[in-house]
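Chemist: Please build the complex by placing chain B on the supplied structure of chain A, with the hints as guidance.
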Amino acid sequence: DAKTTQPPSMDCAEGRAANLPCNHSTISGNEYVYWYRQIHSQGPQYIIHGLKNNETNEMASLIITEDRKSSTLILPHATLRDTAVYYCIVYNFNKFYFGSGTKLNVKP
Amino acid sequence: KAGVTQTPRYLIKTRGQQVTLSCSPISGHRSVSWYQQTPGQGLQFLFEYFSETQRNKGNFPGRFSGRQFSNSRSEMNVSTLELGDSALYLCASSTGGSQETQYFGPGTRLLVL
Chain A
5 DAKTTQPPSM
15 DCAEGRAANL
25 PCNHSTISGN
35 EYVYWYRQIH
45 SQGPQYIIHG
55 LKNNETNEMA
65 SLIITEDRKS
75 STLILPHATL
85 RDTAVYYCIV
95 YNFNKFYFGS
105 GTKLNVKP
Chain B
773 KAGVTQTPRY
783 LIKTRGQQVT
793 LSCSPISGHR
803 SVSWYQQTPG
813 QGLQFLFEYF
823 SETQRNKGNF
833 PGRFSGRQFS
843 NSRSEMNVST
853 LELGDSALYL
863 CASSTGGSQE
873 TQYFGPGTRL
883 LVL
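Line by line, the protein sequences are chains A and B. What the first sequence shows, in my numbering, is residues 5 to 112, in sequence order. What the second sequence shows, in my numbering, is residues 773 to 885, in sequence order.
Calculated from the structure, these hints are not laboratory results. Some hints here could point you the wrong way.
Derived DSBU-like pairs: lysine-lysine, alpha-carbon spacing no greater than 35 Å straight-line [unchecked claim]:
{"#": "1", "chain 1": "B", "residue 1": "K829", "chain 2": "A", "residue 2": "K99"}
{"#": "2", "chain 1": "A", "residue 1": "K107", "chain 2": "B", "residue 2": "K829"}
{"#": "3", "chain 1": "A", "residue 1": "K7", "chain 2": "A", "residue 2": "K99"}
Quick caveat, the model's predicted, so the values are computed rather than measured.
Chain A with its partners taken away, still in its complex shape (with noise of 0.2 Å):
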């Protein structure tokens, strides 16, 4: 049921910018693009979503392509509590489908 598609694993350094890709190619006009991260098995913590437009929030920066198939969370400035699992979700009518999710590695 998962309708993303993201890369395992990505390692950033720390203070730099960290860009997690996700594809959504079958995405319908009405979906809307979350992103949450888990940590440590936690409860999945809410980033940013968006539609069509970039969005940016206090914790993050969202850009979705024009074709909305495919979009790039943006943390500007990665620290050592930003290792995470980061979850891109295709969300309609209040059903999530989490993908296997991006494993973001913020090294010293």
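Modeler: Below, chain B without anything else, positioned relative to chain A:
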């Protein structure tokens, strides 16, 4: 506002038993969703309740059931436990709109022996 709470946090059961897990949503949230997370299958949607009615359902056997009370608190029940039911069970709450953000609780870790 207090976040989503789940009880108990840890649970050990034996095969064939049944278990009930509880979830208290964020105040004012009317939707509660349940998820199962295992190393092999990842995070999978179980079901969602809104205003005491099951509104969405994932692909799980009938041994998995739930309910929601008038105060929006929700319980899920698993009957005739199997070893494969060992998992982290997560609940999430939202206001209930079609595109509203879900906020997750810390989860209940169930071990079936």
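Chemist: Compare the structure with each hint and give your call.
Modeler: Hints and how they fare:
1. Between K829 (chain B) and K99 (chain A) the alpha-carbon distance is near 9 Å, which keeps this suggested pair within the 35 Å criterion.
2. For the hint pairing K107 (chain A) with K829 (chain B), the CA-to-CA distance comes to about 28 Å; that is within 35 Å, so the pair holds.
3. Proximity of K7 (chain A) to K99 (chain A) is assessed by CA-CA distance (about 12 Å); at most 35 Å being required, the pair is judged to hold.
Comparing the model with each earlier hint shows no violations; every hint is respected.
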